[in-house]
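Undergrad: Using the hints, build the complex out of the two chains.
Here are the chains, one letter per residue:
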Amino acid sequence: MVEGGSLMAGTAPGALRTASLEMPRAGGGRPGRRRGLGEAAIELFLRMNGWVAVMLIALIFVFLFKEGVQALFSIPLSDFLGTTVTDYRGNPKVVRMWQPVSELPKYSLLPLVCGSFLVAFPATLIAGLFGVAGGIYLAELASTRTRETLKPFIELLAGIPTVVIGFLALATLGSVLQGLLGTTYRLNAFLGALGVSLVIVPVITSLTEDALRAVPDELRVAAYGLGATRAQMIARVTVPAAVSGIAAALILGMGRALGETMIVLMATGNAALITLNVFSSVRTMTATIAAELGAVAQGGEQYQALFLVGSLLFTLTFTMNLIAELVLERMRRRLTL
Amino acid sequence: MRRGLAGLVFESLCRGLTFVTCAALISILGLIVVHGVGVITPEFLFGTPTEGMTKGGIFPAIFGTICITLLMIMMALPLGVAAAIYLVEYAGKGLGPRIIRAAVNNLAGVPSIVFGLFGLGFFILFVGRNIDRVLQTGLLFGQPAMLWAAATLAILVLPVVIVSTEEALRGVPVSHREAAFALGATPWQVVRRAVLPQAYPGILTGAILSVSRGAGETAPILFTGCAYFLPRLPLTEFLGIPIINPLDQFMELSYHIFIMATQSTDAQVTRPIQYGTTLVLVTLTFVLNLAAIITRNRFRRRLGAARP
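Going down the list, the protein sequences come from chains R and S. Mind the numbering: the first sequence is residues 810 to 1146 in our numbering, read in order. Mind the numbering: the second sequence is residues 281 to 588 in our numbering, read in order.
FYI, nobody ran anything at the bench for these hints, they're computed from the structure. No incorrect hints appear here.
Quick list of the computed label-pair ranges, beta carbon to beta carbon: (1) A1106/R <-> L515/S: 26 to 36 Å; (2) V317/S <-> R954/R: 27 to 37 Å; (3) Q423/S <-> E1110/R: 16 to 26 Å; (4) L293/S <-> E1110/R: 48 to 58 Å; (5) V878/R <-> L293/S: 42 to 52 Å; (6) F566/S <-> V1052/R: 30 to 40 Å; (7) E1110/R <-> S307/S: 37 to 47 Å.
On a predicted model such as this, the values are computed, not experimentally measured, just so you know. The beta carbon of each residue, even a glycine, is placed where N, CA and C say it ideally should be.
Excised from the complex, chain S in its bound form (with noise of 0.2 Å):
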């Protein structure tokens, strides 16, 4: 192919500026793995911190971290994955599901602070206040909570989930609804036994990218219950067995990053436990998001093999 000095500089321009930016992400990984591999110990993961949080663990954020996530995930898979079988399975193209879309579309365009205004303002200060009055419970859902975070982080990952199950049920063939629909199935049974059978990687693929979202965020969380230091695990009794507290605040990891770099009284003593943070969400987010790209790379080519 004829191509000319000024093609050559074009292409290689587009070709370099693409592998920087691999790069990029290459130098960034490696830089919190050279600083950040030397401080994770067992004593560092399952540790508390200890002497004004310059030494010890991280295990409380961790903890935290897998809570929150949890309770989100709770929250928003059920919501998003119904929302997404109304889009694709029922509504057929009139205004409303339009509306909808373009409220999905705009939720994703929300930036992250704005979540944490209205979780805030509305979570905290409306639904909770209003609970405590109306069942005398004095200021116990009033206030900042892992409840209220979980519930603010699931409205910010509800269009992933809503766009990755609609990818999904979208994937599965024509034919074999018209197949179901066929032997006599209504329209609940195609889709509880033909559709989402075969959807069901893809609406996975969506949790584990939102779940690994909501991890990272950190905004959305500022004023919703996070604690800066918590000396126990937000755990409660519950019949004699220890659950989950969701009115207690909680520790997170991008939080404590965030908290540790910024409000401590020397940063630079405990770079080594910031980097060792950096590390263990970052590998939690890797781990989750490669989880979620390799099931769904599984998922296309089975669904491409099934297509005539």
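For reference, chain R alone in the conformation it holds in the complex (with noise of 0.2 Å):
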């Protein structure tokens, strides 16, 4: 990078044009020169404040992974998988449980992968189908004005703490949810699920909308001139256009699942099981940090583990961010073309 040294130093783009017209004008003493070093101070002071947040990543990197790797050390590695116990008649038996405060403390983290998994998967789907068709009617249906009216709506809808729908979801949907579906827990994985949309839904819409609009009038215009009805034209033109935008929007809502931590505490029940069913309790990777940290011995090995458990979250999060991302710049490039 070429920055610091001349005048107009990498600016925006219409700087580098202006800089030829300034250069004759100023001759022989260019007034810039004496400001010189009080301009490269504050560029410095500026840029220096532009890398912190590379530095902030990086240091959530290191904290998380530092204790996290030593629960590696401290921790038989299969004890992650499942604990080897002797039943009552003296066979031995492998447990898959978290059970981290107790007489052989087990540390498996199948039920905790498993639950957040079972909460994300049906939240996404969910927010998929409310967001995607949110998005389609914004960015292909609605009228101006309508659209104009229904985005701050759907934007509130993102405002709203998280802890408030853990609360509504645990004080009254709940039960609402058990009387109807006849389900044995009245908080569960399912529960969770769609208190998990509704954050997700605002996510997932907006997304799909900018994707949708990012494509440009002109196929819109010649599927038109094919004869297509709107409806055909939005099912066979924009959203398959569209669809890596989609993509990403789906895989950065999941991301959002995973990362849910308030809801799921307050909605799923926390009972760490392992198992499929979507009206099971279940306890999630984020709710099991979010219960366990304020009560544990620092640098212990229940610390170490938790950390683990969020390296893990943060890897998998890391990972559907990157993935989302490869395939907007992708869809960028190819709707650009």
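TA: Okay, here's the thing in structure tokens:
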């Protein structure tokens, strides 16, 4: 990078054009020169602030994995899948449980990962249905006025604190849902998924809308010209053209669902079970950290194990964000061609 | 326009699902207002919890929320605005800015509970304990406190500040920068006098959104400074004037809701208090969000009008 030296050091696109205008005018004593040092100092200061974000991500990575990796050394690796115990007849048996506070601490991550996905999958499905439909409606069907009215609504939905949704799920929705579906547990993965889907619907809606709006109008005009109806145009032209953007929206939404804490902590019942039944109580990775970290000895085995769970969560969401970013990048490149 | 039955079904489905989303928002709000509005009295808003938190008000939680979000935005705003100015006005399209943008994007995607882990591991146990060791202050900095909770939240909202400031700066027409440069302004003068004054409402929008986001977050402050119940306000005397004590713990609205709904001995008895607290928190975040949306729409319209 060439920066700092010249007066115009890598500024906004327009500034480069002005540079050529200014040079001849400046002639003998260039006015910028006197302030050169101050300008350089300001630019250095601003640039350092920019790099703070990079430093923070690096610090999060280091401090999360520093403790998390120690867990891999202090706890036998096989314990993260299951612990071998002897049952009352003296036969060895592998139990897959997360039970860090017991005579024989058990650190199986399987029920936690299972719980997280049992919430995140249904949440993404529900939110995907509503979010993609919402995005299509806002981008392709709604009049400008309707859109301007509805968009703030959906943005407000994103502004509701998650603890509020968790609380409502716990206080009312849980009982309503149990009455409707007759589930065994009042607090279960599905209730958590419903709550989480409320949080990610706005994300998916606005990203889908953005993706559809990025599709050039020429394609729409061409589709109409070939005699397509509006629905045909959407289903066969704009949605296929924006499909990577919509996929990215779903991936990002799922990443958010995996990382959601307060709703699942309050609404899923927090029983660490390995199950595929969405109406069973589950315990997610996020809820485990939130529930246990406050009452744990710093630097102890369980503390490290919780950081390991955090590292796993960070890696998962990081990867999903990265994939979404790459998919979006590809779409941008394809649509500008 | 020709539609056909399938088209009609498809379009109505999209419209219907969108309206269901909006209806969900309205019913959430309705539920909170119906259950919570009866609880809101001056004593509730300005009193302290009494009788083992089963009666009384929530003033310490309101006060704590205001304190921590102020502290948070004081940390996040200068940092975020400076970073955004660098990205938009100084950095070109090189590798450095691309790395910074990627970092900001990633920071926005980090789960909030991970910030909680980080706040505990980095701010309290690393930074705080080391300050204590160097200054010989015993266990003053190395424990959960408002300062660390605010710092943790500041990292969480940093991407919001950066992205909205970037958007605000980009909204300023390039011609204004060109005019300023043509008058012989230095890059910083251009930023200071030509760009920032116009981007100000947009930056304000970002700041308001961040405050609203920070006020609603619970997971990052669970271990970094929140108190279940604090009989005093987090204040200290400085030269005879009461000021916020950033090294004290604090009560906070969203944490109060969580703790009252899940940890109290009889959650049913305190349900009205929980709804009341929820109503206060939602009102706070909604007023802030609405203010942000209105500021932004005005700002966009004004910039739109300025464009040729």
